[in-house]
Amino acid sequence: MPFIANTDDDRRSMLQAIGVGSFEELIPDIPSEFCLKEALSLFPSMSEMEVASLLDRLASANRTSPDYVSFIGGGAYDHYIPAALKTIVSRSEFYTAYTPYQAEVSQGTLQAIYEYQSMICRLYGMSVANASLYDGATAMAEAVSMAMNVTGRSTVLVAGKIHPNTSAVLKTFIEAGGKASVVQNVLTDGVCDIAALESRMSDQIAAVIVQQPNFYGCLEDVEAIGALARSHGALFIVSADPVSLGLLNAPGRYGADIAVGEGQPLGSALNFGGPYLGIFAVAEKYVRKIPGRLVGMTKDRDGEDGFILTLQTREQHIRREKATSNICTNQALNALQAVVYLSLMGKDGLCQVAEHCLQKAHYLADKIADLPGYSLRFAGPFFREFVVNTPVDASVVVNTMMEKGFFAGYDLGIHDDSGLLIAVTEKRSRAEMDSFVENLGAIS
Amino acid sequence: MNIPADLLYTKDHEWIKVLDDGTTALVGITDFAQSELGDIVFVETKPVGTELSEHDVFGTVEAVKTVADLFAPVDGVIVEVNEALDAAEVVNSSPYEDGWMVKVSLKDASQFDALMSAAEYSEMVGE
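Chain order of the listed sequences is A and B.
Going by full-length UniProt numbering, the residue at position 119 of the first sequence is 119; the numbering climbs one at a time, nothing skipped.
Going by full-length UniProt numbering, the residue at position 6 of the second sequence is 6; the numbering climbs one at a time, nothing skipped.
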């Protein structure tokens, strides 16, 4: 059969062959109110050249981070991506959707995933990392699901401010499924109120979740939160920004049972919000409880290193309804970008990126705090991101600054909050920041 | 195929051995089961104190390419778990001795009547 759309005659003869008069007779279970009654409103047919021209025109209406000086963060960051990265990950051996089940033809892909897992373990201070999940939010949902399986408990406490999108994903994955309830903690000056958290702890808590740095960019007292979790037999889940770990303590070093994170800052472009990279790592005793796939290293019969998908009996395609998770997919290309990024930067390079983020963010925060009408919303320490109170609504600041060539930040009004969340990566120069402050000062 | 005469068997390929005290018994999987599973890499059982009814799942046995549930042959309470199974391959090498899985405190001796003798189990697995 040729790969072309079927004609009205083709459809008639197929329907006749199976003994029905119309396509609708095949789908009587769909209530009629959900069926489209009129024709789709489509463009008239066009030539390839016309389509290409139309798409170019539409695409050029986008304004992306290279066109503007970007201070937007809130979970997706405008970090520099080394030029070599794109060349390496574009190699045809890697640039495929093929899943590496057949170890004998997939050694390169499997080794890359193994190296990714190893680097994530070192970065996060954990014993085992999986081959990655869809994004940071789904990694968190899988972590909560795992914690409930391990503890047999069904309430999860959020310590401090996690990303509202992560909360929404937890609602979809965990609460809507009737599996557990997720309880938000109260904040004091932008971070977890430890005393309030302690008052909510009980022996029914499956896990305590913390994001470090939190959604506001503030640093949480992760040691105290972890100690509280442990003292009640709850698992301690930490969502850590991978770049921040160039400077901050690794979750494994302060007792995280499960460490997750959004891996976009490790060499993934902003991509209009995805595909991103879900980092997921655990302490060794949970190796048989983790979701997703895992690549292991072994020796072949000639004593050479070999790589293979391992511990697959946990997975859905073998254990079916008893699988630890229904996730059988990883974000292989983004994981590859992460491993190439980390390899190119090296340990010192990553520390330097983190140092630049920290210093530049503080430089900018100090400058903005000096502007009339502006102030920092929180007094505590932060890493590369901070919340600013603005003299006019944050959305007005964002729109006005766009006309000046800046993405001013993340308008917290989107989440029924207030203020402007400003992120500073190593890409921002002093000149850009000074010009940004000058333009901000003109808004009042 | 090794099918000791002094044990009782289930159709799910567990064996049970009543100990001399008459009130406790060891439970494991048969030589046939371990050979069907292949290289066993992990055994997980419910903890001491777990109450079991006949045919309850009391754990899982994991081989390289598959995993199987373990079913309680009779009612009872788990009173001991075999610590030696940290080296799970012992189930392959010694399914009836060193590779026992749990010791259970027995509830109802009449349940033994429903289990298979070595001869019956041997017939079931085609030996």
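Note that these hints are calculated values from the structure, not bench results.
There's no promise every hint is true.
What the hints assert, rightly or not - Here are the simulated BS3-like cross-link-like pairs (lysine-lysine), alpha carbons at most 27 Å apart as the crow flies:
#1 Lys-103/B / Lys-289/A
#2 Lys-299/A / Lys-171/A
#3 Lys-46/B / Lys-179/A
#4 Lys-107/B / Lys-17/B
Just so we're clear, the structure is a prediction, and the values are computed from it rather than from any experiment.
Hints, one by one, checked against the model:
1. Lys-103/B / Lys-289/A: holds, 25 Å
2. Lys-299/A / Lys-171/A: violated, 43 Å
3. Lys-46/B / Lys-179/A: holds, 22 Å
4. Lys-107/B / Lys-17/B: Holds, at about 14 Å.
Hint violations for this structure: number 2 only, all remaining hints satisfied.
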